Amino acid sequence: MTDTGLEAGPRGNELSVAEFVQENESYYSKQFAKIQGTTGFAFSWNTMAALCGPLWGALRGAWGFFWTFLVLELFALVQIGRGLWGELGADQIARYEKMLVNIAKREQQAKDLIAAGDTADAEAKLKIADNLKRVAAQAKEKADLAANEAFSILITGLVLLLIVKLLEGFLANRTYEKQYLNWRANPAIQSGVNKLSALFGAVLLIAIWPLTLFRFTVSDPDGKLSALTNGFIGKQIPITEFPVNREYFAVLAKKGDAGFDWLAINFSHVFKGITAGIRAVLDGLEVILIDTPWPVVMIVIVVMALRLAGPRVAIFTAASLAYLAFMGLWKISMITVALIGAGAALCVIIGIPLGIWFGKSKRAYTFAEPVLDFMQTMPAFVYLIPIIAFFGTGKPPGVLATLVFAMPPVIRLTALGMRGVPETTKEAAVAFGCSKWQLLTNVELPLAMPSIMTGINQTILMSLSMVVIASLIGAEGLGALILEALQYAAKGQGLLGGLAILLCAMVIDRIAQGMYRRKVGGL
Amino acid sequence: MTEDVITLENVWKIFGDRAKEAMRAVQERGLSKPEVLSEFECVVGIADCSFSVQRGEIFCVMGLSGSGKSTMVRHLNRLIEPTAGSISVLGKDMLSLNGNELREMRAKHLGMVFQHMALLPHRTVRDNVGFPLQVRGEPKSVRWEVSQRCLNMVNLDGYEDRFPRELSGGMQQRVGLARALASDPEVLLMDEPFSALDPLIRRQLQDQFMALSAELNKTTVFITHDLDEAIRIGNRIAIMKDGRIVQIGTPEQIVTNPADDYVRDFVEGISKLKLVFARSIMEPLGSYELQAGDDLAQSPRASHGTDLDQLIDIATTTTQPIVIQDDENNDVGVINKSRLLKGIQGGKA
Chain A
1 MTDTGLEAGP
11 RGNELSVAEF
21 VQENESYYSK
31 QFAKIQGTTG
41 FAFSWNTMAA
51 LCGPLWGALR
61 GAWGFFWTFL
71 VLELFALVQI
81 GRGLWGELGA
91 DQIARYEKML
101 VNIAKREQQA
111 KDLIAAGDTA
121 DAEAKLKIAD
131 NLKRVAAQAK
141 EKADLAANEA
151 FSILITGLVL
161 LLIVKLLEGF
171 LANRTYEKQY
181 LNWRANPAIQ
191 SGVNKLSALF
201 GAVLLIAIWP
211 LTLFRFTVSD
221 PDGKLSALTN
231 GFIGKQIPIT
241 EFPVNREYFA
251 VLAKKGDAGF
261 DWLAINFSHV
271 FKGITAGIRA
281 VLDGLEVILI
291 DTPWPVVMIV
301 IVVMALRLAG
311 PRVAIFTAAS
321 LAYLAFMGLW
331 KISMITVALI
341 GAGAALCVII
351 GIPLGIWFGK
361 SKRAYTFAEP
371 VLDFMQTMPA
381 FVYLIPIIAF
391 FGTGKPPGVL
401 ATLVFAMPPV
411 IRLTALGMRG
421 VPETTKEAAV
431 AFGCSKWQLL
441 TNVELPLAMP
451 SIMTGINQTI
461 LMSLSMVVIA
471 SLIGAEGLGA
481 LILEALQYAA
491 KGQGLLGGLA
501 ILLCAMVIDR
511 IAQGMYRRKV
521 GGL
Chain B
1 MTEDVITLEN
11 VWKIFGDRAK
21 EAMRAVQERG
31 LSKPEVLSEF
41 ECVVGIADCS
51 FSVQRGEIFC
61 VMGLSGSGKS
71 TMVRHLNRLI
81 EPTAGSISVL
91 GKDMLSLNGN
101 ELREMRAKHL
111 GMVFQHMALL
121 PHRTVRDNVG
131 FPLQVRGEPK
141 SVRWEVSQRC
151 LNMVNLDGYE
161 DRFPRELSGG
171 MQQRVGLARA
181 LASDPEVLLM
191 DEPFSALDPL
201 IRRQLQDQFM
211 ALSAELNKTT
221 VFITHDLDEA
231 IRIGNRIAIM
241 KDGRIVQIGT
251 PEQIVTNPAD
261 DYVRDFVEGI
271 SKLKLVFARS
281 IMEPLGSYEL
291 QAGDDLAQSP
301 RASHGTDLDQ
311 LIDIATTTTQ
321 PIVIQDDENN
331 DVGVINKSRL
341 LKGIQGGKA
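Protein chains in written order, with our numbering: chain A, 1 to 523; chain B, 1 to 349.
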């Protein structure tokens with residue numbers, strides 16, 4: 001035995017094939033040798049597999065084979081069933097019969113009206129009856145046509161079954177040989193013949209095939225089944241739909257409503273505090289971006305782009321700002337930028353410490369991961385509802401909705417960066433007497449910085465994608481413009497507004513990236 | 001005057017969730033390494049290691065990968081906590097230090113050089129070297145001055161404002177060495193510092209390190225997997241296998257008197273020319289049988305402390321055997337050509 005607990009054992013091919021197949025080894029070792037000795041397709045026929053189909057797969061533990069051919073054989077069998085006993089065109093016949101009754105009724109009415117001397121009305125009724133007759137004739141024709149198709153469907157089904165059987169016979173040994181190779185590397189893979197797994201396969205077949213066949217080949221399967229089982233299956237337990245109304249759903253939804261209401265009432269001061277905090281950040285940003293005269297803001301932004309990201313980005317920025325200004329979108333663009341800025345700033349302030357924590361503690365990350373997944377995948381509308389309940393409408397709740405959606409990337413990427421710091425570098429720092437704080441600020445954060453910057457960048461871009469959704473709960477800005485365009489199907493307005501959002505995003509992104517590249521130098 | 005700077009006594013390190021239990025079982029029942037693995041799923045990293053290192057000594061720890069040598073050196077500054085045993089460095093019981101004391105100890109008295117350099121990529125060479133001083137809270141002026149001095153010591157002046165990625169592997173490792181020297185520690189821990197370098201650079205760095213070490217007189221624990229390196233550099237060598245120390249001794253002791261087959265295998269390919277001396281291969285004068293043409297009166301004389309390399313030089317100048325003298329210049333033994341050849345071959349008579 002070695003340190004790894006592995007045991008070396010050169011295994012002869014014949015010996016291990018015998019160990020793997022357990023039964024019929026001379027046949028399989030010959031077939032495997034044939035497959036292994038051929039490049040391209042080896043014609044190796046397995047009669048057992050062709051006859052038993054999925055069951056052979058279950059017996060040999062080839063579950064991929066089992067499921068593939070379970071479905072394919074079932075498909076062929078359904079065609080055969082439809083051809084043999086399927087009431088093809090049954091729905092058309094039912095329609096035809098219903099119409100015959102209807103026609104008879106109209107004609108009776110017409111007769112009554114003639115007897116009463118009201119010929120005008122009678123004529124109208126007769127006209128309806130005539131129209132109905134024409135439609136009925138069409139239905140009958142379709143039904144007959146469908147019934148005539150039965151034979152060709154039967155033939156198709158038989159051909160399909162034959163093809164499936166051929167496939168089974170020719171593919172079985174190839175599949176089995178692959179399984180053998182996998183088994184050599186990983187002995188946990190099922191080998192040999194296993195009666196129990198064959199039984200399991202048979203049970204699956206019995207559970208799947210008859211019901212499915214019945215459902216697809218018989219019209220009104222529930223009615224027929226209930227006649228067969230005295231109304232138990234089919235009527236009480238229908239097979240065409242799950243026998244439940246939305247009673248559980250309704251109860252739980254009501255409970256959920258009550259819970260949210262309770263929270264909204266009892267913690268209103270907390271929610272008000274949060275709203276006030278966000279509003280303060282927003283107001284500050286809006287003062288800077290909107291109340292400052294526009295030339296000042298524009299000049300500052302362009303110069304910032306020039307200094308931080310170079311002349312090309314500066315030209316692009318100037319062009320973008322000109323677009324916003326000449327389209328008359330300057331003010332609402334700045335409202336949007338303030339909204340995003342507040343959202344992104346909060347994401348960074350909350351997200352980076354969380355990311356550091358999750359990067360350091362594996363356990364915390366295990367708990368946080370599903371929450372982060374939830375925040376990113378849950379449709380925004382779902383959390384918009386409670387946000388409205390707790391925080392009302394307007395810009396602060398819009399920022400909050402942005403936070404939920406845009407914070408995960410910065411958390412994840414910070415944690416990723418923290419975990420990517422080489423152990424050896426951390427060890428060296430500790431060996432020179434670093435405290436935990438010194439390690440964090442001198443080693444871990446600088447080394448994780450590229451990853452963190454990517455996270456911040458993503459957060460900004462995701463915030464932008466939320467502006468339209470945030471406008472649903474009353475956040476003004478470019479999002480509201482687009483929402484309005486959607487409501488009135490104003491294509492031009494939507495396009496111009498969308499372009500404005502895109503330009504805002506690109507300007508922010510380019511400046512942020514340029515800033516980072518500058519800071520890191522030539523890395 | 002010799003003084004023990006580092007002392008390890010019966011140090012054990014067992015890795016795994018059930019290390020404590022495994023330790024108790026080992027002490028009570030004397031389980032072997034595979035037994036510990038199968039019974040407790042714990043790996044024995046260090047088994048019952050004891051040694052001491054004297055002031056100014058270069059103590060090499062030699063072993064193959066997985067023998068526990070890197071684990072052991074990390075015990076000396078407690079990057080790894082031992083499961084049992086005691087460790088004292090510079091008269092301090094390392095295991096009794098609290099967090100702050102330990103950090104101070106590391107920052108002031110223990111420098112370390114790593115196999116993979118582990119420099120900080122976002123800092124210049126100067127700031128990397130000054131890092132241990134920064135950790136200690138020294139002002140920038142001191143850091144700059146000291147790192148300048150340390151970079152001079154490793155012949156890297158002029159590269160202060162470069163980033164580590166701009167330097168070659170050998171230069172990076174010299175930065176690592178300078179960083180370890182920056183806090184002027186009494187003890188240097190070197191974890192395979194030259195292993196990742198190519199042979200030529202390795203040799204240069206070894207020479208440079210030995211010169212530095214002779215000058216600075218630091219107590220050094222030097223980890224290596226290369227016996228040649230250990231013999232070149234070390235005053236004493238400890239050979240490790242499977243977490244145990246198999247033999248401790250001077251290079252000559254290890255080469256001429258290996259403790260077991262494992263050590264013998266290692267020593268096999270080592271050049272003995274500078275490690276074996278006349279006294280261990282000479283035939284005593286009394287039992288030497290004169291061969292035809294021998295005339296001991298004409299023979300060259302050599303001291304018993306002459307190494308094989310010098311003996312070969314002497315032998316090429318004469319056809320006579322060499323007469324060996326003791327410290328008082330009395331003739332005590334003889335080495336003829338066949339004895340010399342045998343000695344070169346095996347280091348034994």
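Everything labelled a hint here was simulated from the structure, so no lab data went into it.
There may be inaccurate statements among the hints.
From chain B, some residues computed to sit far from chain A (all C-beta separations above 10 Å) [said to hold, decoys possible]:
no.	residue
1	PHE51
2	GLY91
3	GLU104
4	MET105
To give an idea of the interface, some chain B residues facing chain A are shown, with a C-beta separation under 7 Å as derived from the structure [to be verified]:
no.	residue
5	PHE15
6	THR71
7	VAL73
8	ARG78
9	LEU79
10	ILE80
11	ARG106
12	ALA107
13	HIS109
14	HIS116
15	PRO132
16	GLY137
Taking lysine to any residue and the SDA-like style, the derived pairs with C-alpha atoms no more than 25 Å apart in a straight line are [unchecked claim]:
no.	chain 1	residue 1	chain 2	residue 2
17	A	LYS426	B	GLN134
18	A	LYS98	A	ALA136
19	A	LYS362	B	ASP261
20	A	LYS362	B	LEU79
21	B	LYS20	A	ARG363
22	A	LYS426	B	GLN298
23	A	LYS436	B	THR71
24	A	LYS360	B	ASP161
25	A	LYS426	B	ILE248
26	A	LYS426	B	ASP265
The structure presented is a predicted model; accordingly, all values stated were derived computationally and were not measured.
Heads up, the beta-carbon is just placed ideally off N, CA and C, and yes, glycines get one too.
Violated hints - listed by number, lowest first: Checked against the structure, the hints that fail are numbers 3, 4, 5, 6, 7, 8, 10, 13, 16, 19, 22, 24, 25, 26, while the rest are satisfied.
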